[in-house]
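Engineer: Residue numbers are given in the working numbering: position 60 of the sequence shown equals residue 268, and the series is strictly consecutive.
Do not rely on the hints blindly, as some may be mistaken.
Estimated spans, in silico, between C-beta atoms of each pair [stated by the list, open to error]: (1) 235 x 268: 32 to 42 Å; (2) 242 x 265: 28 to 38 Å; (3) 212 x 244: 15 to 25 Å; (4) 247 x 279: 13 to 23 Å; (5) 269 x 237: 29 to 39 Å; (6) 217 x 276: 30 to 40 Å.
FYI, nobody ran anything at the bench for these hints, they're computed from the structure. Note that the Cβ used here is the ideal one computed from N, Cα and C, for glycine as well.
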Amino acid sequence: MLNSSEEIIATNHGWNGLSSISEAAASVGVFAIDTESQNTARIISLETGLYTLRISGEEGTTGVALVELYAPP
C-alpha cells in the first residue's frame, strides 16, 4: 500500500491465521478466512487521504485479486 506521496506504508504476504484478523472479519460481518488458505489480509489504521494498492503474484505468477476495505466498529 502506498500513500499519496507514493511511499510504501504497508506490505503483506499472507495472513498466517492471526486471530486479530478473524476477529476483525467477524466484527464487520464478512466471510471468515480459511485458516489453511494462502489468502492475504491486513489490519491497518489509515488517515483520510488517497492510497494505492499494488497487487502482484510471487515470482511473476498471475491470478485474480479481490480487494475489500472495511471500517470496523
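Engineer: If a hint holds in the structure, say so; if it does not, say that too.
Structural biologist: Hints versus structure:
Our hint of 32 to 42 Å for residue 235 and residue 268 holds, since their Cβ atoms are close to 36 Å apart. Between residue 242 and residue 265 the CB atoms are about 19 Å apart, so this pair departs from the stated range of 28 to 38 Å. Between residue 212 and residue 244, the C-beta spacing of about 37 Å breaks the proposed range 15 to 25 Å. Range check, residue 247 to residue 279: Cβ separation about 20 Å, and the 13 to 23 Å hint holds.
At roughly 32 Å, the beta-carbon separation of residue 269 and residue 237 lies within the given 29 to 39 Å, and the hint holds. In this structure, residue 217 and residue 276 break the distance hint of 30 to 40 Å, their C-beta atoms being roughly 18 Å apart.
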